[in-house]
Amino acid sequence: MNIPKELLYTNDHEWLKVDGDKAYIGITDYAQHSMGDIVFVELPEVDTEIAVGESLVVIESVKAVSSVFSPISGTILEANEELEESPESLNEDPYTNYIVAITISNKEELKELLSADEYEKICKEEE
Amino acid sequence: MSKLIFEKDIKGSNKFSLPPCDVPQVEISQHIPEKYLRQEELNLPELSEIETVRHFTELSHQAYGVDDGFYPLGSCTMKYNPKINEWAASLPGFTGLHPYQPVDTVQGAMELMYNTQEMLCEITGMDAMTLQPAAGAHGEMTGVMTIKAYHQRNKDVKRTKIIVPDSAHGTNPASAHVVGYEVVEVKSDDRGLVDIDDLREKMNDEVAGFMLTNPNTLGLFEEHIKDIAAIVHNAGGLLYYDGANLNAVMGVSRPGDMGFDIVHLNLHKTFSTPHGGGGPGSGPVGVKAFLADFLPIPVVVKEADKYIFDYDRPLSIGKIKEFYGNFGVVIKTYAYLRSLGAEGIREASQNAVLNANYIRNKLKDYYYIPFDRLCKHEFVASSRNQVKENGVTTLDVAKRLMDFGYHPPTVYFPLIVEEALMIEPTETESKERLDTFIDALVEIAREAKEKPELVKSAPHTTIIKRVDEVTAARKPVVKWED
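Order-wise, the sequence lines are chains A and B. Quick note: the first sequence, position 62, residue 62 per our numbering, numbers continuous. Position in the second sequence (from 1) plus 1000 gives the number in our numbering.
If you're looking for bench data, these hints aren't it; they were derived computationally from the structure. Heads up, none of these hints are tricks.
Derived, one-sided and incomplete: chain B residues facing chain A with beta-carbon distance under 7 Å:
no., residue
1, Y1412
2, L1415
3, E1469
4, V1470
5, A1473
6, R1474
Note that CB positions come from ideal geometry on N, CA and C, so glycine has one too.
Start from the sequences and build out the full structure, keeping to the hints where you can.
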């Protein structure tokens, strides 16, 4: 299971990469593996404001349709439109292929997120 | 795979001759303006009568229904549909009716609708019922619109959310969303039931209602249903019953007594009318008396000894389907209810529960059963151990079941169980039938250990072999081109 050290994580198998005032968000290797072949990604509109826990993206795999909930609040700056054409890239390389970039409106929220080591423990427990 | 009917086209093979016409022929352009007339030729295949019959007969052989064999589709109650229901629905007195006929001339049909409403009220513990919704999700939408109308009537307009459990049918959040609500998910606890603390935390004066299936999609009865009802009601919300799993409790316990305010039923599941083949469904909605004024118009009511359509209901959410619902399905339901009677309905549920528990017990040494305790009419198994050992997934097990002549169960639902395999045998199956099904699943578990490749490449004996579901979903071809 690939869990890059430099990223932050959530209990719901999302990763977050802080880049100045913005953060890139994607799904983890564990998430793509358990979802199976991803066939469709429904991206949000850029400039949408979003709060913690609100649905950010909908991902459809051959097994199920799942919502990805926002780990932080902010405004959506970018949506990775390449995923609309090639959703399989989330299976192939979930860490290079981010889903959205979002402004960090409250740095305190980052403290709630998990380190790679903490996240690895959660994955082990779920297995 | 069979050819499409367009590929069987033989020009000129559908010619026919008619006797001379005894009225003068007229040109169509004399009656219909030029701009409405089709210019290019109609692209329809030309086939003789016998080739057309053969084409559709061949297709019918490739379908699989409950009349072909065991169909343990969890969450969908694919029970046997007694043929007497079909007889009743095809009686000329019913099939010859027109929905615009004056009510005086259709009193029998209206009596049947009224009595069906009454019986469904009795079974669910509700006070009023509409037969109008076309199917389950349409019933859900009608129910959620009723919730909205109720709060609006009370000028309680800050309620913008509907709660659903994380084990809910996908239609619940979808219906709430369609009616304009924000969906909030409540977690399941480690016993597979609604997490009461999480519900308490999420229930507040912004929540319009809570949509719940009982027994839930794991086939488990929500033991704390009275507490759940109190939490929802004390915060001013309404409790909605998704009737998808009523087959587990009908005639035994009633949603109305559990504290539910609104229910929808799936006549095409629970009350033995065919479904799954694109045929019409029926999703009646029942409510407690304090919500009766909001039901869709018209409502069939009895005045003295006459049945009428009551349109005079100013608080009604309006009409939600043309005419009065899928009447043919209602006839089948009426026939089913009257032929089983109160005792029979109760016994049907008891046998459905017994059958599910029998299979669960027989399978637990071969498959992981996440909630291995007394279930209701269905249970969830998992291929988790098979995945770990040899990479054989639930999808593979389901595909392999087709080689044994069974329709696969529901897979990968509910979402909270990994590698879920959701089995609902229904009451109409004999012990012998259940045993052969169990044998097949036990054999597949052995194959998963000894020859996993056989299972992973299944099905081997069906007309269509393993399909590429990934490409089908990513790059669907939805149109035939020559």
